[in-house]
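Visitor: Those sequence lines, one after another, are chains A and B. The first sequence begins at 656 in the working numbering and counts up by one. The second sequence begins at 656 in the working numbering and counts up by one.
Errors might be hidden in some of the hints.
[Said to hold, decoys possible] Computed beta-carbon distance windows for the label pairs:
hint, chain 1, residue 1, chain 2, residue 2, range
1, A, Gln-837, B, Gln-725, 21 to 27 angstroms
2, A, Glu-790, B, Lys-802, 49 to 55 angstroms
3, A, Gln-837, B, Arg-840, 22 to 28 angstroms
4, A, Asp-809, B, Ser-844, 20 to 26 angstroms
5, A, Gln-837, B, Ser-817, 38 to 44 angstroms
6, A, Ala-700, B, Asp-812, 29 to 35 angstroms
7, B, Asp-747, A, Gly-801, 45 to 51 angstroms
8, A, Asp-747, B, Leu-793, 23 to 29 angstroms
9, A, Gly-711, B, Asp-812, 50 to 56 angstroms
10, A, Asn-797, B, Ser-844, 16 to 22 angstroms
Bear in mind the hints are in silico, worked out from the structure with no lab data behind them. All values reported here derive from a predicted model rather than from experimental measurement. Each residue gets a CB set at the ideal place from its N, CA and C atoms; glycine is no exception.
2 protein chains.
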Amino acid sequence: MTPVRVSVLEERQNADDNSSTMKDGRRSDIREAGLTLFAERGYHATSMGDIGRAIGVKGPSLYNHLKSKQEILIDIMVTTMQDLLAGFDNADSNGEPAERLREVMAEHVRYHALHPRDVRIGNREIPSLEEPARELVLNLRNEYEGKWRELIQDGLDSGDFSIPSVRVAVYAILEMGIGVAQWYRPDGSLSLDQIAALYADMAARLLSAKVTVADSTIEN
Amino acid sequence: MTPVRVSVLEERQNADDNSSTMKDGRRSDIREAGLTLFAERGYHATSMGDIGRAIGVKGPSLYNHLKSKQEILIDIMVTTMQDLLAGFDNADSNGEPAERLREVMAEHVRYHALHPRDVRIGNREIPSLEEPARELVLNLRNEYEGKWRELIQDGLDSGDFSIPSVRVAVYAILEMGIGVAQWYRPDGSLSLDQIAALYADMAARLLSAKVTVADSTIEN
DNA sequence: CCTACCGATCGGTAGG
DNA sequence: CCTACCGATCGGTAGG
Chain A
656 MTPVRVSVLE
666 ERQNADDNSS
676 TMKDGRRSDI
686 REAGLTLFAE
696 RGYHATSMGD
706 IGRAIGVKGP
716 SLYNHLKSKQ
726 EILIDIMVTT
736 MQDLLAGFDN
746 ADSNGEPAER
756 LREVMAEHVR
766 YHALHPRDVR
776 IGNREIPSLE
786 EPARELVLNL
796 RNEYEGKWRE
806 LIQDGLDSGD
816 FSIPSVRVAV
826 YAILEMGIGV
836 AQWYRPDGSL
846 SLDQIAALYA
856 DMAARLLSAK
866 VTVADSTIEN
Chain B
656 MTPVRVSVLE
666 ERQNADDNSS
676 TMKDGRRSDI
686 REAGLTLFAE
696 RGYHATSMGD
706 IGRAIGVKGP
716 SLYNHLKSKQ
726 EILIDIMVTT
736 MQDLLAGFDN
746 ADSNGEPAER
756 LREVMAEHVR
766 YHALHPRDVR
776 IGNREIPSLE
786 EPARELVLNL
796 RNEYEGKWRE
806 LIQDGLDSGD
816 FSIPSVRVAV
826 YAILEMGIGV
836 AQWYRPDGSL
846 SLDQIAALYA
856 DMAARLLSAK
866 VTVADSTIEN
């Protein structure tokens, strides 16, 4: 269920090298250290020296494997959005809207539970991205939201869902799932499958509204 | 409904000065500039020179009004949590759990819609806080969550609510409302009252679960 | 409220 | 992969 992805950094390396078999382990070590440190302290509060120290080298040595600190951030944020997009497509089926909703929500929640550092950076460090990467990430995010809007619109059209605003419903559901990254612990009393099912339930309930606002469909 | 609050910075000023009538306008100007810049770029990406420029003075001049950059952040984050706590108590009634839930959720949403910069900083810059302010803010946050847990537990005990996990329900509902700060626009097609009512509806629906997970009450 | 300035730290480069 | 070093920028202070 977890989508297969190739890190942007890894891709760059493969493009530069002829031997795609020789995988520069340092590169993924750096990514991993950046993931932890950016998530804990934030991008601007993390120095290249910090990242170097985390993998046992000095700061300047990192430049043998990348061109800038920014490159690490871009790699993390782009691959995270690509993962979420691929995860949606993987989980989506051609069944009933209600069932499709449960499946993509479960995947959304699983991804956020299993990749808390990635999504935390993804949600906090957008201002730290330089153009054009920032635009790219925002576009990927819009693409992700668009998939959700389509699914929920489908259910609205078929009569399976009943809500006054597709847009608000999408925001509410996505945000709800994002929160899992902040509290999920693998050794908690709820299993990941239980949590995913719980959130799938909650999302499903959200979409069967008894409208109390003035007009039944306000806008999109 | 919006709780009255006194900025920590203002309090400090009043404590230092004898003339509490002479309110140093610069102080709140600085707070306002920090609010905008920290929210847009992040704390570490904002310099004292940036804040000074926003109010028409040089960076060093700011130190006539405060002792450190950190002080601005602390003020913003502490008063934000105090506002949320006071907002909860103000909105809470002694009626039925379902009605109390609707009222505090509407207030939660209104606050996030009307103070997007404050809550954005509040949710992103916790790692930028130095001790002991960090502990203090986390305690206030726990206090806020605790109020929600109590309310939802009340509704569970009285049979008004039906959910497998109070804790998960609180996380889901709070996070849902926090998201409003990221998309609400005063000139949007939905009025703030409509939005608040929508989220109150969604929260109410979340709490009337038909349990699909194995055990009906998993934990707290 | 300003200019001048401090020590520290940053991202990144040179050169080996 | 390292040391040495670069120019830039930072938060904050001195002194007026």
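Visitor: Does the beta carbon distance between Asp-747/A and Leu-793/B stay inside 23 to 29 angstroms, or does it fall outside?
Guide: Cβ of Asp-747/A to Cβ of Leu-793/B: about 38 angstroms, so the range 23 to 29 angstroms is violated.
Visitor: Could one say that the CB atoms of Ala-700/A and Asp-812/B fall in the range 29 to 35 angstroms?
Guide: violated (44 angstroms)
Visitor: State, for the Cβ atoms of Glu-790/A and Lys-802/B, whether the hinted interval 49 to 55 angstroms holds or is violated.
Guide: violated (40 angstroms)
Visitor: Indicate whether the distance between the beta carbons of Asp-747/B and Gly-801/A respects the range 45 to 51 angstroms.
Guide: At 38 angstroms between Cβs, range violated.
Visitor: Quick one: are Gln-837/A and Gln-725/B within 21 to 27 angstroms, going by C-beta?
Guide: holds (24 angstroms)
Visitor: Does the Cβ-Cβ separation between Gln-837/A and Arg-840/B fall within 22 to 28 angstroms?
Guide: Since Gln-837/A and Arg-840/B have Cβ atoms about 26 angstroms apart, the given range 22 to 28 angstroms holds.
Visitor: Verify the CB-CB distance for Asn-797/A and Ser-844/B against the hinted window 16 to 22 angstroms.
Guide: holds (19 angstroms)
Visitor: Lying within 20 to 26 angstroms: is that true of the beta-carbon distance Asp-809/A to Ser-844/B?
Guide: holds (22 angstroms)
Visitor: Honestly, do Gln-837/A and Ser-817/B meet the 38 to 44 angstroms range at C-beta?
Guide: Between Gln-837/A and Ser-817/B, where Cβ atoms are some 25 angstroms apart, the hint is violated.
Visitor: Honestly, do Gly-711/A and Asp-812/B meet the 50 to 56 angstroms range at C-beta?
Guide: holds (54 angstroms)
Comparing the model with each numbered hint stated earlier shows that hints 2, 5, 6, 7 and 8 do not hold.
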